[in-house]
Every structure is written in structure tokens, then in C-alpha cells.
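Colleague: So the sequences go chain by chain: A and B.
Under full-length UniProt numbering, the first residue of the first sequence carries the number 1, and numbering increases by one thereafter.
Under full-length UniProt numbering, the first residue of the second sequence carries the number 1, and numbering increases by one thereafter.
Treat the hints as calculated values from the structure; they're not laboratory data.
Warning: the hint list may mix true and false statements.
[What the hints assert, rightly or not] Quick list of simulated restraints, FRET-style, between CB atoms:
| no. | chain 1 | residue 1 | chain 2 | residue 2 | range |
| --- | --- | --- | --- | --- | --- |
| 1 | A | E104 | B | A89 | 48 to 56 angstroms |
| 2 | A | R244 | B | Y84 | 34 to 42 angstroms |
| 3 | B | T75 | A | G249 | 25 to 33 angstroms |
| 4 | B | I59 | A | E151 | 51 to 59 angstroms |
| 5 | A | R244 | B | H25 | 32 to 40 angstroms |
| 6 | B | R32 | A | V257 | 26 to 34 angstroms |
[Unchecked claim] Straight-line Cα separation of at most 30 angstroms, BS3-like style, residue types lysine-lysine; simulated pairs:
| no. | chain 1 | residue 1 | chain 2 | residue 2 |
| --- | --- | --- | --- | --- |
| 7 | B | K29 | A | K248 |
| 8 | A | K170 | B | K29 |
| 9 | B | K29 | A | K129 |
| 10 | B | K65 | A | K248 |
[Stated by the list, open to error] Facing chain A, according to a computed beta carbon distance under 7 angstroms, are these residues of chain B, among others:
| no. | residue |
| --- | --- |
| 11 | G33 |
| 12 | V53 |
| 13 | L54 |
Here the structure is a predicted model, which means the values were calculated and not measured.
Ideal Cβ positions, reconstructed from N, Cα and C, are used throughout, including at glycine.
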Amino acid sequence: MSPTLTDASPIRTDAGGRADGLDVLERGRSIAETYGIPLAVLLEVTHRCPLQCGYCSNPIEMERAGNELTTAEWKNVLTELAEIGVLQVHFSGGEPTVRKDLAELVRHATSVGLYSNLITSAVLLNRDKLAELADAGLAHIQISFQANDAELANRIAGFKGHAKKLEVAKWARELDLPLTVNAVMHRQNLEQLPQMIDMAVALDADRIEVANVQYYGWALKNRAALMPTIDQIDEATRIVDDARDRLKGILDIDYVVPDYYAVRPKKCMGGWGRQFFNITPAGRVLPCHAAETITDLDFESVRSNHSIAWIWKNSEAFNKYRGTGWMPEPCQSCAFKEVDFGGCRCQAFALTGSAGNTDPACSLSPLHEAIFKTAEREAATGSNRYLYRNFSGGTLEPDAGYDS
Amino acid sequence: MDGEAEKPIATSAPASRRRMTVTEHSAPKLGRGVVLRFDETRQRWVLLVPERVLAPDDIAIEVLKLCDGQRSVGTMADELAAKYTAPRADIVADVIAMLQDLAESGFLIEAKGGRP
Ligand SMILES: C[S@@+](CC[C@H](N)C(=O)[O-])C[C@H]1O[C@@H](n2cnc3c(N)ncnc32)[C@H](O)[C@@H]1O
Ligand code: SF4
Ligand code: SF4
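Using the sequences and the hints, build the whole thing.
Modeller: As C-alpha cells, this is what we get:
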């Protein structure tokens, strides 16, 4: 997913002094005024997916097809989102193209004035389906790639799909669809980062999102197989900086830094309940796509008798970690509390047992040291086999000598 | 077939990169993936682009509305000069500068005439 959704500072290279008369809308919002309806919403229309990426941020407990919102229910959601002031929707999942009604949903989104983005593995698309989506008003497509080298990419995905992705990317450009290449990076593919950036250029993509794996859901289970070394991270930063210079005006590069090795945590979701929500396949409304990993929170559903606007404004889950009032020390008296809002609630829950703690990615967290050490140790283990994502609790990759 | 897909991916920038050079003869329009619309909730015009919502200022809104792929930049300048009773030469320069920036952000494409 986009760092613009999760970072709160959608401005990259264009801060200040623009001659084009454009400003980024979110910048105009003061912290005090913030809980207006988000500009963009993530719709996870299904958890089904033919790929089995071990780095997948989806929850381990996935929603079955039978619980998914129906076409009519999603259409109602889209209408309601447009009415309350949402402007953009991201169709994601799971693999959104698994749903046969996707073009119908995109068409409906367009008809109510929403701007549609598709976040996809692309392996289920063909040219006609893509053209149908473009005709339905799709405005942007993001295609994820697991590596540059087909063999490695297919191994990471647990699916032979790399060649198809390249083909779909080409069709996207033929159809004039703005294209973003999504590259989730980790220990086992970071060495191909330069080639992945070149691949994005060769595919004539507008952007590449280089995202270091965030450890939620399946990714947390696979942490030992994914955790990069510090040297890899330093190298990646250098590669990205260099490519940004070299490719100015050719390819925009968004970079999501890894927070295990950071000094301060990321401003996760731009702050809980401040500018983002997503809707799960079964219609639950979450402050972040990983929020259901916080098992002691209850989330309201669009299937309840509450409106989406009510859930956003009034539901307990959204209000629990909003703003800064909930914060314990060291956050409460910290100068950065409105800069990063204490980091990520899901990570705090996963690593400390309470979502109300300071994210241990922060060096001021009493747990930071221990977790950082664990990360370093895991990066050095050389245990490279993935636990592949599926509906039956995961399948360990067969031993083919990947461990070192 | 010696299919395209088999070919190794080239590492140089592809020829089709779509940055246009704006001149008085260009007839720019918004690219696919760029939508100008009025946001009823926030009571203002917004420019929707991949991953962002931009808030054009009043002049940018006016100019963007004229980018229909039919009007040339020269015609836009004529209309704006008449409307604001301002010197045409100044308007042309300002409009070209603004459109060139928009084009470089990838938001405008050439509809006819000039080369991309
Ligand atoms: C969960 S996927 C769903 C859409 C589609 N199946 C795909 O993979 O493109 C949404 C986006 O999040 C990215 N992603 C998945 N797991 C991630 C993780 N652990 N950290 C960061 N990004 C991740 C994917 O690359 C994709 O761009
Ligand atoms: S990240 Fe991989 S496994 Fe997860 S939904 Fe996307 S393609 Fe499927
Ligand atoms: S102590 Fe809390 S507010 Fe301060 S930097 Fe760390 S996470 Fe952010």
C-alpha cells in the first residue's frame, strides 16, 4: 500500500514554491481539525489470492469467500463513501481481481464520482479484462513484483506469475493507465533492488513504491526469512537516493523505510483514526489494514446499523488511540508525539502484548534494544524457507537447500 | 514466436516517456488518471491523481478547466487576456510556465499538434 496513505505526508519532492498552482490537500489540515473523513479509503474486497507470498501483510485468519460482502453491499459502501466525502478508493485484498464483479464495482465507483486505483498481483488479468476495467473508469494500477529475476520472484510468491505480470504491465501502458510498480523488499530480494528499479523504467511505469516489509500478519510469521541485515538497508538507501537523482522526471520513487532499524518509529497511518480507514472483505471498518491483529479491539461492520461516518467518528476502536491523550510514557512527554503519534499500534501489540504501548521501533521504548537485537540475530540465521500464505494456516516451503 | 516477453528488459529509459513540451500551439488535456472535479464536502475544486489529492489554486483551476485537448495554449491565453483585461504576452508566459510544470508532474498530455 501507498506510503501516502500510511505516512501522512503525501508531499515528496514538491514541497513549497510550486509554479503549477497545486498544493497537496492534506497539508492544509491542522492537527486540531483532523478527524474529517479521509480522502482515500482502502477496500480489501477479498482475501482470496492465487499467490502465497510469505511477506503478505494480510491476517493469518483470513475471511472466507462466503463471508465477503456481496456486489450489492460493496456498491452501497461505494455510494456511501462518495456521499460522505471520500474521493479515492483503492481496490486491494487478497487479490481483488479474484472477484468477478470487480469491473462492475469500479464502474459503480466511477458513477458516484470516486477515483479508483487497483492494487493487484496482476496474474489473473488478461488484456480484455484490463480494458474492461479501464473502460469502467479505473484511473491507476499498481502491480506488485516479487523480484527482477523470474525464478526468485516465483519462489517468493509461491506461484509462477512473473512473466504474466510483465505482460499485464505492458497492456496497462498500451491502455494509457498510469502504472506504479510495487516492490516489497526483504533480505531475500534486496540484492535485486537496482534491477527492479530498472525494470520499472523499462516498463514505462510512472512510479515505483519500494517498501521494506512491514511485519504484520504473514510477514510477522516469516520474519526470520525476511529480516534484512543493516548493511542491506544502508545499501538500499544509497540505491534509492542514487536512483532518485538519476531518474528525476522519468520515474518517481517512493521509499518506505524499515522501522526495526530506525531510531524513531514511522507515523503509522498518519496517526490512528486521523486520515485513513479500510474495509475488510466482510465489511469491518478498520483504522489500519492490520488492525484486526489487535485481538482485544472490536471493530464495527458496514453490515451493522451504523453508518460508515458514525463508525469513523464514534466507534470505540477508532477513538481508543486517536490523538495523543491515550499515550503512556515515554511518548506522553515527548516532543515528537504529534510527529509520529507513538508509531504503530499493531506493532506495539504484536511485540509488547499491548497496543497502548510505545511502538518498540522507537529507540526510547524500553523494549527497543531487545527487539533490535532479535532482528539482527534473525537476519543472520540464514533460515530462508518461507511459510507460504494460504487458508489452511500456511505451508512450509519444501527444503531445497535455501537455508544457508 | 520470438516473443516480446522473452526479450531481456532494457535498462535505458523507454522512448514513450510522456513528458510534453508546452508551447503556444500545444493543446494539452488531462491524462488518464487525472481528474479535476468539485468536491462538495470540502467545497473546493480538487485534482485527483494517483495516490494524491491536490488542491489547485484559483488560477490553476481556471487553466485546468480549459485543458480540453481542443483549445491551444494560445487560445487559452486569448480567453484569459479578454477575461482579465491583462496583457496577452504576460498571460501566455504564465500559462505556459504553469502547464509545463503540470506536464512535468505527468498530469497533462498532448492531444494534438506539437511533439510529446
Ligand atoms: C496485501 S497486497 C494485496 C494486493 C495484491 N494481492 C498485491 O499483492 O499486489 C497490497 C499491497 O501491499 C503490499 N504488501 C503486502 N505485504 C506487505 C508487507 N508485509 N509490507 C509492506 N507491503 C506489503 C503488496 O506488495 C501490495 O502492493
Ligand atoms: S501480497 Fe501476495 S499473497 Fe498477499 S494478497 Fe498480495 S499477492 Fe496475495
Ligand atoms: S517516545 Fe513516542 S512520541 Fe517520542 S519518538 Fe518515541 S514513539 Fe514517538
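Colleague: Report the numbers of all earlier hints that the structure fails to satisfy, in ascending order.
Modeller: The structure conflicts with no hint, since it agrees with every one listed earlier.
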